[in-house]
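Protein chains in written order, with this note's numbering: chain A, 1 to 279; chain B, 280 to 587.
Please note: incorrect hints may appear among the correct ones.
Unchecked claim - Straight-line Cα separation of at most 27 Å, DSSO-like style, residue types lysine-lysine; simulated pairs:
| hint | chain 1 | residue 1 | chain 2 | residue 2 |
| --- | --- | --- | --- | --- |
| 1 | B | Lys412 | B | Lys394 |
| 2 | A | Lys41 | B | Lys490 |
| 3 | A | Lys109 | B | Lys412 |
| 4 | B | Lys462 | A | Lys41 |
| 5 | B | Lys410 | B | Lys394 |
| 6 | B | Lys408 | B | Lys394 |
| 7 | A | Lys109 | B | Lys394 |
As the list claims (entries may be wrong) - Computed list of chain B residues with no C-beta within reach of chain A, every gap over 12 Å:
| hint | residue |
| --- | --- |
| 8 | Thr335 |
| 9 | Pro363 |
| 10 | Tyr474 |
| 11 | Gly582 |
In short, the hints are calculated from the structure, not lab data. Ideal Cβ placement from N, Cα and C applies to all residues, glycine included.
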Amino acid sequence: MTERLSTVSADPATARAIAAGRRTRRWGAWYVALHRFRVMKSYTGTVVVAGIGNPLVYLYALGVGLATIVDVDLDGVSYLVFVAPALLASAAITVASEEFTYPIMLGYKWNPTFTGMSSSPLRPTQIVDGIVISVAVRMTVNLVLFLLLILVFGAAPSPVAAGMIVAGLLGGLAFGTVLMGYTSTLEEDTGQLAMVMRFVVLPMTLFSGTFFPLSTFPIWLQWIGWISPLWHSTELARVFSFGYEEPIWLSVVHVVYLVVLIVTGWAWARHIAVRRLGR
Amino acid sequence: MPAPVIVAQDLVKRYGEFAAVDGISFEVAPGESFGLLGPNGAGKSTTMRMVGAVSTRTSGDLAILGLDPDTHGPEIRSQLGVVPQADNLDAELRVRENLLVYGRYFGMPGRLVAKRADELLAFAQLEDKGKAKVDSLSGGMKRRLTIARALINDPRVLLLDEPTTGLDPQARHILWDRLFRLKEQGTTLLLTTHYMDEAEQLCDRLVVVDKGAIMAEGTPAELIRRYSSREVLEVRFGSDRNSEVAERFTGVGDRMEVLPDRVLVYSDDGEAELVRITDAGFRPITSLVRRSSLEDVFLRLTGRSLIE
């Protein structure tokens, strides 16, 4: 590409244009992420309070409260240890469902900042990449806070418990990029996003082995877990958190499945962006 | 002669069967102020989006600064400033922040962007609004901020899509003044408008566009000379009587247009035509003699008025 660019023309205006486009071609996605960080800064309070408050409440209620009446052997660990990685994984899903729905709708339609961005040297694919990068960073912040609280509760015995962050990030982005792709296709929100929250996010949380192992569900409900990025992410987080016993091939399946979703969702969102912003 | 900044040749944009732009050709020289005049839906905005290297063309040739938008979109856009028809400032950020994030998109270093942002806030007469929320600005201020944003990269070409639509007269005049300054500084302007006075004020040269095609091209004065008369007499006889009365005019003016609300008589001497009409015994409710404008050119070319 560079070769072709440099041989185009000797006209000074053309040469200036070619030189000026170079930085954005390389760093454009990062510039978009910087924009998003600035927007997120306006709700830092929410991010931090939700990032600490939510885990605190859940860990306490489920792990300390509910655990006293749940008297089952869960892979040989306490209920708190069992449920903590799942709560962490769900937190990433929550961030994904916040950041990949209304802000996307906003950018395309309600306050069409994406249209503004597409008039700059940015390419539509860089807009998508920048958003994914910024959300991944925010998600990581939330996950780290969550992990620290889990450690405070003494609920992650394994020395590689920090690996939960990777598991959570994979799950959050797997669900998030697909959600972003879907939201990007919406010309109008006539309740679809609320439906997603109610009929996708909520059931996913209930049937992904979050509060009980998936195996305790009747077989005809277990498929929800198998396709749910949250289940894969949760199981992976449990492996890191307390050495949850599952065959190694299954752990590989978790990672591969989540990565495939990320790649597919991301590519879908990019494809829609190119089509929608280039009309 | 310097190479043209924009060259469009048989530019076509189709959405399915519908041709929004249907074979438009024009050239814009550096420093020139070029206008696309036409009613809503004429294909002006679509043309602007193609020139802005955002929307891809269906066919035809297009070069901006000697580059093809299909292959060099980012390079072309790095040299443009774009003021869209609908403001798309980021309402989640403050006024100055909108300039800061936008400047970064051009790969400009943070410190340079900050300096430029302050200069542009002054240029847009928004110095004291830097920390304000975007939504607290008036329509005219938002437009000025959008123009300031479009200038952050010191663009070679400024694209303005109906820059003053929806603004009150005072806000329009402030905006025109700012655009005029840019023009004096040598910025190439490409603007669309459906206001004749705006085109006459700002454009060195323009094309009249209707249904995706160019109807005429020239300077405002040339177009008026070619397609209209020096003066226009407007007479009204009441909505239901205009056409009936006009049919009985004989030997009045060079040409006539009968609109639902008034009759336009084209002539080099409007006053004389009015005398002729009243002498013939017609009693218009109101009468007005004015200079011919681009509105009349448009009416002549398309048989329709610009704003319907």
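Okay, the hints, checked on the actual structure:
1. B/Lys412 - B/Lys394: 20 Å, holds
2. A/Lys41 - B/Lys490: The hint is violated at about 46 Å.
3. A/Lys109 - B/Lys412: Status holds; Cα separation ~20 Å.
4. B/Lys462 - A/Lys41: Violated: B/Lys462 and A/Lys41 sit about 38 Å apart, past 27 Å.
5. B/Lys410 - B/Lys394: 16 Å, holds
6. B/Lys408 - B/Lys394: The given pair, whose Cα atoms are some 16 Å apart, holds under the 27 Å limit.
7. A/Lys109 - B/Lys394: Roughly 31 Å separates the two Cα atoms, so the pair is violated.
8. Thr335: 6 Å, violated
9. Pro363: 7 Å, violated
10. Tyr474: 23 Å, holds
11. Gly582: 31 Å, holds
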